[in-house]
Structures are given as C-alpha cells and as structure tokens.
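Undergrad: Place chains R and X on chain Y using the hints.
Chains as they are written, first to last, in the working numbering: chain Y, 1 to 138; chain R, 1 to 138; chain X, 1 to 138.
FYI, nobody ran anything at the bench for these hints, they're computed from the structure. Hints are not guaranteed to be accurate.
[Said to hold, decoys possible] One side of the interface only, derived from the structure: several residues of chain Y facing chain X at Cβ under 8 Å:
#1 R5
#2 I7
#3 S8
#4 F41
#5 T43
#6 G44
#7 M65
#8 Q67
#9 L69
#10 Y76
#11 Q77
#12 G87
#13 M136
[Stated by the list, open to error] One-sided excerpt, in silico: chain Y residues whose CB lies under 10 Å from chain X:
#14 M1
#15 S45
#16 S94
#17 G98
#18 L109
#19 S128
A virtual CB, placed ideally from N, CA and C, is assigned to each residue, including glycine.
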Amino acid sequence: MVVTRRISFSTKGRCDLIDITREVAREVASSSVNAGTVTVFITGSTAGVSTIEFEGGLLGDFEAMWQRLVPANLPYQHDRAWGDGNGYSHVRASLLGGSLTIPFVDGRLLLGTWQQIIVADFDNRARSREIVLQIMGE
Amino acid sequence: MVVTRRISFSTKGRCDLIDITREVAREVASSSVNAGTVTVFITGSTAGVSTIEFEGGLLGDFEAMWQRLVPANLPYQHDRAWGDGNGYSHVRASLLGGSLTIPFVDGRLLLGTWQQIIVADFDNRARSREIVLQIMGE
Amino acid sequence: MVVTRRISFSTKGRCDLIDITREVAREVASSSVNAGTVTVFITGSTAGVSTIEFEGGLLGDFEAMWQRLVPANLPYQHDRAWGDGNGYSHVRASLLGGSLTIPFVDGRLLLGTWQQIIVADFDNRARSREIVLQIMGE
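Extracted from the complex, chain Y is given alone in its bound form (with noise of 0.2 Å):
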C-alpha cells in the first residue's frame, strides 16, 4: 500500500530549522497503513532533511556547524554566474541530503523521545516549501 501525501509550510532561509515530527506522525497516523517505513523528501535544492533533539541550544549549535563548515562568505562559482547569492545554501543541502526514511509499527514512528523531525532550509531569502511524505506498508 502507497500513500502519498504532502506538507506545505513557509520558512524564514537562512538556516532556518523547522520541527515537523508532528506533521509527519499525524499523516502516518491517519493513512491506514498499519507498519512501513514513511520517506520524508524535500523537493528543491537548497533545503535538507534529517533528524535533531529540537532544543534552541542545539539548533544554535548546528547553524554554527554549517558556518564554520560551508561558510556563506566564500566566493563561490555558482554566485559568480548566476548571481544568486546562494551557493553555500545548496553545497550544504548537497551535504546533508534529501531524504530520511523513518519505521513506524502500528501507526507509529520508531523515533527516540528526543529525535525530532526537521527540515534545514538553507537558502538565503523566506521560502514556500513543500515536503512529500510516501507512507508504505501494510
């Protein structure tokens, strides 16, 4: 069984990190699909998935990771031509990658209690976003 559904929000960029554990769990939940896997996959290229103890020192924490690692203030090439001032947003969506597949059994995802959910939107301006969530099982 394939059940497909979508999350739609909109984010600040720049980093922005956002909790969707609840959202997730909601669709799995409601889809009828008792045990599977949901694969969580974000469309675009500037933003990645993966998972965090959603905690504000922690996010503080991760942003600074990326700064020290894909640095907004290097010449990159992307910028050079096509002017859009975020090459180190899609180095670093590149690095973290797009999907996350997660188990649940019975209607619920295996997380850990401090394991969250979260979408890094790293381009450099508010984006709309949309996630696609694949809920299969049986």
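TA: This is chains R and X only, laid out in the frame that chain Y set:
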C-alpha cells in the same frame, strides 16, 4: 510484506564505530522476504548510520575527520544549557544521518565486498543502543 | 511489487560528479510500478549519492567543499596501511552516504526542477560503477 526486527548492543561512545553487517544480513535472510529493502534506523539523537570499509586505518581516519569538522572541545550552546557535555555528539549525528536503506535480492544484501554497515555512536559515554530494521518487499 | 534495475557507467574518479537523473527516471517509468519509492544505492565504499542542481559552477563549489573538509593531501592511516592513496575517498563516501530514496507518483519522480540525482565518485582513479535501483510500490 513488512517485517520489523531490532538489534541491541552496547557501545563505548566517543565515536565508537560498530559493524552491524552480519546482524543485518542475518535478519534479512531469515525474514522470508525475498527481494526489497531494509531500512536501518537508529533510535536516538547522538548516533548515526553509514557504510565504510571496516578496516582499522579507515576507522581512525573517519574519527579524525569528525574531530576536525565537529570538535569535542569547542563551546556548544547545548552544553551551556543542559550540562550534558555532548553537544558535539548531537551535531555529528544530525550531519551523518540516522537512516540508511539497502536493497536486497534473493535474501542477500547488495553491498560491495568492502562495504560494511556501521553505527557511529558519538555520545560522550557508554550506551545501550537499539537499531530498528524495517524489512519490506515481496 | 519490487523491481530491481542496475545502471552501469564509467567515471574519471577524483570527485567526478555524474548526473543519473535521466536513467533513474527512465527505469522508474518503464517499471510498471505506478507509485512508490526508488532507492538509489551505490555498491562500493569510495562513492556516494545525493542531489544537486547540476550546473558547472555548483559542481566546482561542491568539489571545493570536499577539498576543504576532507583534503586529499592529509596523511591517512588507511594509506599508510594499504598504500592505495584513497583514504580520503573512503572518508568522503562515508560522510555523504550511499543510499537515497526518492518518491514517485504516476511513474514520475517527485524531484524539483533544479534537483538532479548524482553519483559522486571520490576514488583516486577511473572506475566502472554500478548503481542498484530498487523500485517498490504498487
């Protein structure tokens, strides 16, 4: 068909890298699912999963990379707020990712010869860990 | 329903980035699975998969990031033990990850317009590569 299995083990933390290939292969082979995917998912927010050639030199190189990119001895906001001292563990886990999906055919994982499945436990202390295997297919 | 397909190609190694979007889309469209997920999995331990806007500037930026984070010219324990000279290739591959799961509906991948699927071959020599596509759904 969906089969859920769990693997439990102890780790030493501090970038302990554990080869779970044999256990995953055994659960897939004994699942009576012939072809499909196994999603390897780590419950918790201070460990991740990936693949590596499980060889002592590389394990050291992988750990050295983490110490360069997300050092244990930087100040982390998480540690200031909660005193756990494992802010770096969380950040590493979020970057590496907590899910991995591996195809199999005829009950055998389609891994390369030198490609093992690992759990990287980044926490700053010994832990009991549980991995969920969601085996799906026909 | 489970359909297994393989894509073979040659690479130049040394962070060769190959766009496989068209091949993946074609295999999904011809699989007779209407809706589900395709898991893109790289066999081997010196290459990874991700998505990127496949544009020359960004490909250069992505490669520059790898050279900053996991430089080819550091000393690696793997190279000392085995003399392959590709310790950095393994470490990059383990960080990027070897699997990617993409949803599709009506036989079409739910990718963004500027979001292509890539294989990153980090090895230090030309290689023949094989990608496994596990197409699952109904």
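Undergrad: Give a verdict on every hint.
TA: Verification of the hints:
no. : hint : result
1   : R5   : violated, 10 Å
2   : I7   : violated, 13 Å
3   : S8   : violated, 14 Å
4   : F41  : holds, 5 Å
5   : T43  : holds, 4 Å
6   : G44  : holds, 4 Å
7   : M65  : violated, 11 Å
8   : Q67  : violated, 13 Å
9   : L69  : holds, 6 Å
10  : Y76  : holds, 5 Å
11  : Q77  : holds, 4 Å
12  : G87  : holds, 5 Å
13  : M136 : holds, 6 Å
14  : M1   : holds, 7 Å
15  : S45  : holds, 4 Å
16  : S94  : holds, 5 Å
17  : G98  : holds, 5 Å
18  : L109 : violated, 16 Å
19  : S128 : violated, 13 Å
In this structure, the hints that do not hold are numbers 1, 2, 3, 7, 8, 18 and 19, in rising order.
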